[in-house]
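Engineer: So the chains spell out like this:
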Amino acid sequence: MAYHSFLLEPISCHAWNKDRTQIALCPNNHEVHIYKKDGSNWNKIHVLKEHNGQVTGIDWAPESNRIVTCGTDRNAYVWTLKGDVWKPTLVILRINRAARCVTWSPKENKFAVGSGSRLISVCYFEQENDWWVCKHIKKPIRSTILCLDWHPNNVLLAAGSCDFKCRIFSAYIKEVEEKPAPTAWGSKMPFGEVMFESTGTSGWVHGVCFSDSGNRVAWASHDSTVAVAEGGKTAVCTSLSSETLPLLCVTFITENSLVAAGHDCYPVLFVYDSNNAALSFGGKLDVPKQSAQKGMTARERFQNLDKKASVDSKEAVLESVHKNSISQISILNGGKAKCAKFCTTGMDGGMAIWDVKTLESAMKDLKIV
Amino acid sequence: MSKNTVSDRFRKVDIDEYDENKFVDEEDGGENQLGPDEGNLMGALQAVLKNPPINTKNQNVKDRAEGLVLKVLSSFKASDIEKAVQSLDKTGVDLLMKYIYKGFEKPTDNSSAILLQWHEKALSAGGVGSIVRVLTARKTV
Numbered sequence: 001m002a003y004h005s006f007l008l009e010p011i012s013c014h015a016w017n018k019d020r021t022q023i024a025l026c027p028n029n030h031e032v033h034i035y036k037k038d039g040s041n042w043n044k045i046h047v048l049k050e051h052n053g054q055v056t057g058i059d060w061a062p063e064s065n066r067i068v069t070c071g072t073d074r075n076a077y078v079w080t081l082k083g084d085v086w087k088p089t090l091v092i093l094r095i096n097r098a099a100r101c102v103t104w105s106p107k108e109n110k111f112a113v114g115s116g117s118r119l120i121s122v123c124y125f126e127q128e129n130d131w132w133v134c135k136h137i138k139k140p141i142r143s144t145i146l147c148l149d150w151h152p153n154n155v156l157l158a159a160g161s162c163d164f165k166c167r168i169f170s171a172y173i174k175e176v177e178e179k180p181a182p183t184a185w186g187s188k189m190p191f192g193e194v195m196f197e198s199t200g201t202s203g204w205v206h207g208v209c210f211s212d213s214g215n216r217v218a219w220a221s222h223d224s225t226v227a228v229a230e231g232g233k234t235a236v237c238t239s240l241s242s243e244t245l246p247l248l249c250v251t252f253i254t255e256n257s258l259v260a261a262g263h264d265c266y267p268v269l270f271v272y273d274s275n276n277a278a279l280s281f282g283g284k285l286d287v288p289k290q291s292a293q294k295g296m297t298a299r300e301r302f303q304n305l306d307k308k309a310s311v312d313s314k315e316a317v318l319e320s321v322h323k324n325s326i327s328q329i330s331i332l333n334g335g336k337a338k339c340a341k342f343c344t345t346g347m348d349g350g351m352a353i354w355d356v357k358t359l360e361s362a363m364k365d366l367k368i369v
Numbered sequence: 001m002s003k004n005t006v007s008d009r010f011r012k013v014d015i016d017e018y019d020e021n022k023f024v025d026e027e028d029g030g031e032n033q034l035g036p037d038e039g040n041l042m043g044a045l046q047a048v049l050k051n052p053p054i055n056t057k058n059q060n061v062k063d064r065a066e067g068l069v070l071k072v073l074s075s076f077k078a079s080d081i082e083k084a085v086q087s088l089d090k091t092g093v094d095l096l097m098k099y100i101y102k103g104f105e106k107p108t109d110n111s112s113a114i115l116l117q118w119h120e121k122a123l124s125a126g127g128v129g130s131i132v133r134v135l136t137a138r139k140t141v
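Just so you know, the protein sequences line up as chains A and B, in that order. Those letters in the first sequence? Residues 1 to 369, per the working numbering, in order. Those letters in the second sequence? Residues 1 to 141, per the working numbering, in order.
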């Protein structure tokens, strides 16, 4: 498991290229920096300057090698690599608030942008006019969209919003694709149709993720809960109230296991049992530091009691790898079906790469189903 | 001066009420609660945590419920608190936390000390997550 500290500022968002040698990230300002891995060092090879506001979302399409970025300046740019330079193309999103998140669809012919204008812009490229056109999904969204994830069929889109709900919409664009086959979430999918709306959890939905098959969707919400819903079967919702601070990002690593991370600065494993429709806590995924256990003298004990009103000598130092909240998780190898490595970035400006195999062997009773 | 600058009654209009995009929670009436029976403290705790007036907008119902819970919590001995908290399930612990924080809002003579003891035990059972749920709950007790 490797940890690399890129900057002192928080990393707002990041995206990897196809072979995982380059990472594009936003160092909490208006630019996007692209770093390339060189042995064990990371060298900054490109700086993408076009946004006038903080860049809130980056996604790198693996096959077509295009980067889409969105920012608080209400714009999105699609960057293509021409020779050795990244050239931006402005996409008019027709929103009047900041854009919050952006993702390419699995076939990379569309991307969706969630924004504070209470709508999702689904953008596709129109060949005749040689520009990107967007369509809006407005109803019944009541507040900012915080996170998005596409279903593998390229049509369904899960969106987590500040109106305390996670919904699955259809983002079917007839100009770029044929009618989709029926899925576990429904069969009629006109554009903007709500296929599923969550109930039961309250709190802003910070992170949402489809499983590899697309039949399950998981979301993490601000009331410290994680929930999983399964399509079909009258869309069962199971949620788990955790004992930790709210989680900010969640991803499936196999069809039954999720990894989530957030304000507690360490990733956590959850296991979903579909037979009992139960979600359970799998374990804390952090390499424990071997701290020297020194005995406490009576004087130290009394001092602690005097100063801090407690007998513990636990210092206020985080033992986890990340020293501040983790804001994004991305899968590096193996896809969502059998993830072998995943990467987390956070507000401490660092990026950690976690290896699932070493975690499984390091923590006893950690079972990734 | 023109006539329409005289009146400022328009400033008292709450324009958020007329905003068609305003977020409105669902609501319905809260159930009435029974009083605690003396002697059986564990039973009293379970009874008073049943049917919390979460959905009602009637402030009197909420105040009465809160008073009852406070009475039951104060009648526990300090050594029994931990056992009582263990007997609650997860939703019970969350609900207890909500009442504890509600009680903190209006401190009486020694209610804060008792509530702090309950808070410590409830925290070890529910973790920081239960406090986050108190803060983010849209329907308070």
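Think of the hints as simulated: they come from the structure by calculation, not from any bench. Even for Gly, the Cβ is constructed at its ideal location relative to N, Cα and C. Worth double-checking, as some hints may not be accurate.
[As the list claims (entries may be wrong)] In silico PhoX-like cross-links for lysine-lysine, where the CA-CA straight-line distance does not exceed 20 Å: (1) B:Lys121 <-> A:Lys308; (2) B:Lys121 <-> A:Lys138; (3) B:Lys22 <-> A:Lys139.
[As the list claims (entries may be wrong)] Far from chain B, some chain A residues (derived; all Cβ distances over 10 Å): (4) Tyr3; (5) Asn28; (6) Asn43; (7) Lys87; (8) Arg97; (9) Arg118; (10) Arg142; (11) Ser242; (12) Leu245; (13) Pro246; (14) Ala298; (15) Asp306; (16) Gly349.
[Claimed, not checked] So, partial list: chain B residues that the calculated Cβ filter (under 7 Å) puts toward chain A: (17) Tyr18; (18) Ser87; (19) Lys90; (20) Val132.
Engineer: Which numbered hints does this structure break?
Structural biologist: Hints 2, 9, 10, 11, 12, 13, 17 and 18 contradicted; others consistent.
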